[in-house]
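Engineer: I would like the entire structure built from these sequences, with the hints used as guidance.
If you read the sequence shown in our numbering, its first letter stands for residue 437, the second for the next number, and so on.
Just so you know, these hints were derived from the structure itself, not from any lab. From the three backbone atoms N, C-alpha and C, an ideal C-beta is built for every residue, glycine too. Do not rely on the hints blindly, as some may be mistaken.
What the hints assert, rightly or not - What follows is a set of in silico ranges between Cβ atoms, one per label pair, in the way DEER data are often shown: (1) 594 / 497: 28 to 36 Å; (2) 640 / 559: 15 to 23 Å; (3) 561 / 626: 20 to 28 Å.
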Amino acid sequence: MKPLIIITARGGSKGVPGKNIKLLGGKPLIQYSIEAALAITKKENIIVSTDSKEIKDVVESLGISVPELRPTELATDTAGTYEVLSYEIEKVERQNRSFEYFILLQPTSPLRKVHHIQEALQEYNDTLDMVVSVKETKANPYYVLREEDKNGFLIPSKTSSVTRRQDVPKVWELNGAIYIINTKSLKAKPMSQFKYVKKYEMDEISSHDIDSILDWQIAEVLIKNLK
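Structural biologist: Spelled out as structure tokens, the structure:
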């Protein structure tokens, strides 16, 4: 059975205004995720969840139907991914369709490739809450990250008895590219409370996420060079 894929695309963006439909490498940013989704599943199994008429129009020009916009309560800055996903899953099930798991793709990861999604799917099984894509972080809490103590002095975020940086445990950073989510788990609790989570590791370039103008400019260079 082909999987369900949900692409979340909010209209408002403070870091890069209109970024989801802004042209990157000659095509709207969201098109990268849509093309990846179409290589994995049928277009009938692709949901683009948006609050924006402009995004809706662009997505439909790419061949994906967007029957309706998100309700008002899910179109605010405070609406979370959990609430949006729960709404979309409930809507699917009201249509007498059911999926044991689904894939969340965020448009801000244009360098995520089809093979990354396929490989992540191989890591998933129904005993898990989620498989999530990660990259090895440079901001290692044993050496780089610091917190303030009650007196305002900086202390390591995590302590270790080892003396060499290469000997501390690896630390993984969620890169926002791929989430494969057990539907039952999502119904039971938010993703932040998931216990049975496995990683799918991606390289740094493929993990590039766009949140700011600088991120966008870097993505332009990366995509130009990859072409």
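Engineer: Verify the CB-CB distance for residue 594 and residue 497 against the hinted window 28 to 36 Å.
Structural biologist: Since the Cβ atoms of residue 594 and residue 497 sit about 48 Å apart, the hinted range of 28 to 36 Å is violated.
Engineer: Given a hint of 15 to 23 Å, does the C-beta separation of residue 640 and residue 559 actually sit inside it?
Structural biologist: holds, 20 Å
Engineer: Please check whether residue 561 and residue 626 have a Cβ separation lying inside 20 to 28 Å.
Structural biologist: Given a distance of about 21 Å, which is inside 20 to 28 Å, the answer is holds.
Hint 1 from the list above is the single one not met by this structure.
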